[in-house]
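Number of protein chains: 2
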Amino acid sequence: MNADTPRFLRACRREPVDRTPVWIMRQAGRYLPEYREIRREHTLLEICHTPELACEVALQPLRRFDLDAAILFSDLLVPAAALGVDFDIVENRGPVVKRPVRDQAGVAALTLSSDLKELDAVFETVRLLRRAIAVPLIGFAGAPFTVGSYLVEGGASRDFRECRLLMYREPGVFDDLMERLADLMCAFIERQAAAGVQAVQIFDSWAGILSPAEYRRHALRPTRRVLETVKTLGIPSIHFGTGTAGLLDLMAEAGGDVLGVDWRVRLGIVRQAFPERAIQGNLDPMALLAPPEMLDRMIDEVLADAGPSPGHIFNLGHGILPDTPIDGVHRMVRRVHERTQAAPSR
Amino acid sequence: MNADTPRFLRACRREPVDRTPVWIMRQAGRYLPEYREIRREHTLLEICHTPELACEVALQPLRRFDLDAAILFSDLLVPAAALGVDFDIVENRGPVVKRPVRDQAGVAALTLSSDLKELDAVFETVRLLRRAIAVPLIGFAGAPFTVGSYLVEGGASRDFRECRLLMYREPGVFDDLMERLADLMCAFIERQAAAGVQAVQIFDSWAGILSPAEYRRHALRPTRRVLETVKTLGIPSIHFGTGTAGLLDLMAEAGGDVLGVDWRVRLGIVRQAFPERAIQGNLDPMALLAPPEMLDRMIDEVLADAGPSPGHIFNLGHGILPDTPIDGVHRMVRRVHERTQAAPSR
Chain A
1 MNADTPRFLR ACRREPVDRT PVWIMRQAGR YLPEYREIRR EHTLLEICHT
51 PELACEVALQ PLRRFDLDAA ILFSDLLVPA AALGVDFDIV ENRGPVVKRP
101 VRDQAGVAAL TLSSDLKELD AVFETVRLLR RAIAVPLIGF AGAPFTVGSY
151 LVEGGASRDF RECRLLMYRE PGVFDDLMER LADLMCAFIE RQAAAGVQAV
201 QIFDSWAGIL SPAEYRRHAL RPTRRVLETV KTLGIPSIHF GTGTAGLLDL
251 MAEAGGDVLG VDWRVRLGIV RQAFPERAIQ GNLDPMALLA PPEMLDRMID
301 EVLADAGPSP GHIFNLGHGI LPDTPIDGVH RMVRRVHERT QAAPSR
Chain B
1 MNADTPRFLR ACRREPVDRT PVWIMRQAGR YLPEYREIRR EHTLLEICHT
51 PELACEVALQ PLRRFDLDAA ILFSDLLVPA AALGVDFDIV ENRGPVVKRP
101 VRDQAGVAAL TLSSDLKELD AVFETVRLLR RAIAVPLIGF AGAPFTVGSY
151 LVEGGASRDF RECRLLMYRE PGVFDDLMER LADLMCAFIE RQAAAGVQAV
201 QIFDSWAGIL SPAEYRRHAL RPTRRVLETV KTLGIPSIHF GTGTAGLLDL
251 MAEAGGDVLG VDWRVRLGIV RQAFPERAIQ GNLDPMALLA PPEMLDRMID
301 EVLADAGPSP GHIFNLGHGI LPDTPIDGVH RMVRRVHERT QAAPSR
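Line by line, the protein sequences give chains A and B.
Residue numbering for the first sequence follows this note's numbering, beginning at 1 and increasing consecutively.
Residue numbering for the second sequence follows this note's numbering, beginning at 1 and increasing consecutively.
Honestly, the hints are just simulated from the structure, not real lab data.
Note that the structure is predicted; figures quoted are calculated from it, not measured.
The beta-carbon is built from N, C-alpha and C at its ideal position, and this holds for glycine as well.
Do not rely on the hints blindly, as some may be mistaken.
Non-contacting residues of chain B with respect to chain A, defined by C-beta distances greater than 12 Å in every case (computed) [to be verified]:
no. : residue
1   : I38
2   : R40
3   : L59
4   : D66
5   : S114
6   : R161
7   : E179
8   : A194
9   : S211
10  : E214
11  : I235
12  : A304
13  : G307
14  : D323
15  : R335
Here are some of the chain B residues that sit facing chain A, going by a computed Cβ distance under 8 Å [to be verified]:
no. : residue
16  : G155
17  : R158
18  : R221
One chain only, chain A, in its complex shape:
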């Protein structure tokens, strides 16, 4: 890549950057008054399926902050519509799947639409966004396990009980579900790339509930298939999960140019264990609600932990919280850029 390549994309490839790039998971979100304004009149799914609105909310944080990437505004379950899944997103509760998928018949009923026409609005959003922004656009897709966990549980879960039960009682059915979701995600990402995304983040947000043995048995292969598809598209992938300190080697085996981790995983250890990967993370989102001097300290700790080598993308360890003060976000973005600017060969 040449010197004009945006620093976010350079960091994905572990090339030197003029300063550490920063973006924020869920940067288009409820902490922004202008986002809440739109949400007063539209549901989350309406926004996802209306390109002008989805484009607008993705642009909102870029107008306020000097962010180094935009991300497609979406929800983990959005693509499930192309498998015929009937769901809603309920305020303060998250996705609610009308008929949870808990047996062979339920899995067999998930048939991938051949043209993904249910998701046309998503691809149109990507095209609109690419025309509207100067920074790279990150595509959005859930890993098979995490999306599958919503389908099996019927929604958000604390203990992933139904999901683990299905995995232990009917591993073949569970694997069938995983493969169908991998098919969906591969097609979904291919179409996002064709529409213009320049990188993809694969959200395996809940993989951390799995034992390493179960991850290897049920999550690794379908996730690898998705990440290999991204590779064939020639764009970098970020492989993200929370609570993954015990799974990192397996997640790295599944793939990803960038390993994204939450605040419970030391970046320094990820660096050391996977020198051939870039890393993304990992400030505790709650730090943005701390007093300025504490926030500064925690930002600096993340930067110190990441170390001076190229290939760090600064981000939170999980999505930004709805009651995050805007001032904290300004402070964070500025500080990351300032503190990492000193080393020109960084």
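Since chain A is already given, all that's left is putting chain B on it; use the hints.
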């Protein structure tokens, strides 16, 4: 220790055993019909504060299964009564603290009763149990962070928001809370030991929510104080937490003869990293709801992961689930003993 020392205590010291000892977190619990029978007439706190009842429920699993240890029946919040904390345990919800502790005044109001007379029933339970059982009796105490998280949140939490906020906004107040809880736990354990417990498990169940930096700043020192107190008492300690793959070196630094981990941490890695410790765990409690052949396979994987060296105590990775079938428990206890019996020098 001589050859008559029970295998549980030998395993704590990494001495060879005739077979791997096994006990079950929450082994006196709702999966047992005879426990539910008692709970129909008594609340959990009534049982904790009535030595005959607390003794009876602790004995129940020993009558059914060939378990290698008993544990004091208690709840993480029970000792908080000696700090003047007003709380209740609500069915299907867990502890509810009447006035959550979220500021300096709240922490300052927590004054340790000089004689722990609020907990006399607990110590009497220990004395009764020791007379009633042949296997070793494990004492029960929460680590300062985990008990503190209930006091700050006011109950169980998914994101530990209030706890992290207090830590980031008023670290001095948070540390004051931790030290008071450490004082309490040291006194609580001393009295349990005087009454006859032969080991202690320190439950830092929710430490896994912390970043390594925060664990070091706020949890390590008070936890170490508790574990050092156990050491002076001459009994072994089990240091347990869930989701701790990223914290193990710090938890080991805090202490514990035995490191207890959940199913998301590979026992083999713990063995390798901390050869001087014994290990406890780590079957996914959900495995007991799996078909027999899957349960067997998962048990065998835990045993294989733990390896043949001495110093493994078989347990679940977290408390046994209320809807666990009794047959699965029988199967597990038998299988662990049978599979590890072959090697006499194990």
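Query raised in the report: Should the label of B:I38 as a non-interface residue stand, given a Cβ cut-off of 12 Å to chain A?
Result: 26 Å, holds
Report task. Would you assess whether B:D66, listed as outside the interface, keeps its beta-carbon beyond 12 Å of every beta-carbon in chain A? Result -> 24 Å, holds
Query raised in the report: Would the least Cβ to Cβ distance between B:R40 and chain A come out above 12 Å?
Result: Label holds. Min Cβ-Cβ 25 Å, cutoff 12 Å.
Query raised in the report: Just checking, B:R161 versus chain A, shortest CB gap more than 12 Å?
Result: 7 Å, violated
**Report entry** Cβ separation check - B:E214 to all of chain A, threshold 12 Å
**Finding:** Not fine: 8 Å to the nearest Cβ puts B:E214 too close to chain A.
Query - 12 Å cut-off, C-beta based - B:I235 kept clear of every residue in chain A - result: 29 Å, holds
Report task. Measuring Cβ to Cβ, find out whether B:L59 lies farther than 12 Å from everything in chain A. Result -> The claim holds: B:L59 sits with its nearest Cβ about 29 Å from chain A, beyond 12 Å.
Report task. Just double-check B:A304 for me: nearest Cβ-Cβ distance to chain A has to come out over 12 Å. Result -> Contrary to the label, B:A304 does not stay out of reach of chain A, its closest Cβ about 10 Å off (not over 12 Å).
Requested in this report: Using 8 Å as the Cβ threshold, decide whether B:R158 counts as touching chain A.
Outcome: 6 Å, holds
**Report entry** Least C-beta distance from B:D323 to chain A larger than 12 Å
**Finding:** Its Cβ does come within 12 Å of chain A, the nearest being 10 Å, so this is violated.
Query - Distal placement of B:S211 relative to chain A, Cβ over 12 Å - result: With a cut-off of 12 Å, B:S211 comes too close to chain A, as the shortest Cβ separation is near 4 Å.
Query raised in the report: Are all beta-carbon distances from B:G307 to chain A longer than 12 Å?
Result: Nearest chain A Cβ is 15 Å from B:G307, so the label holds.
Of the hints listed earlier, those the structure fails to meet are numbers 6, 9, 10, 12, 14, 16 and 18, in rising order.
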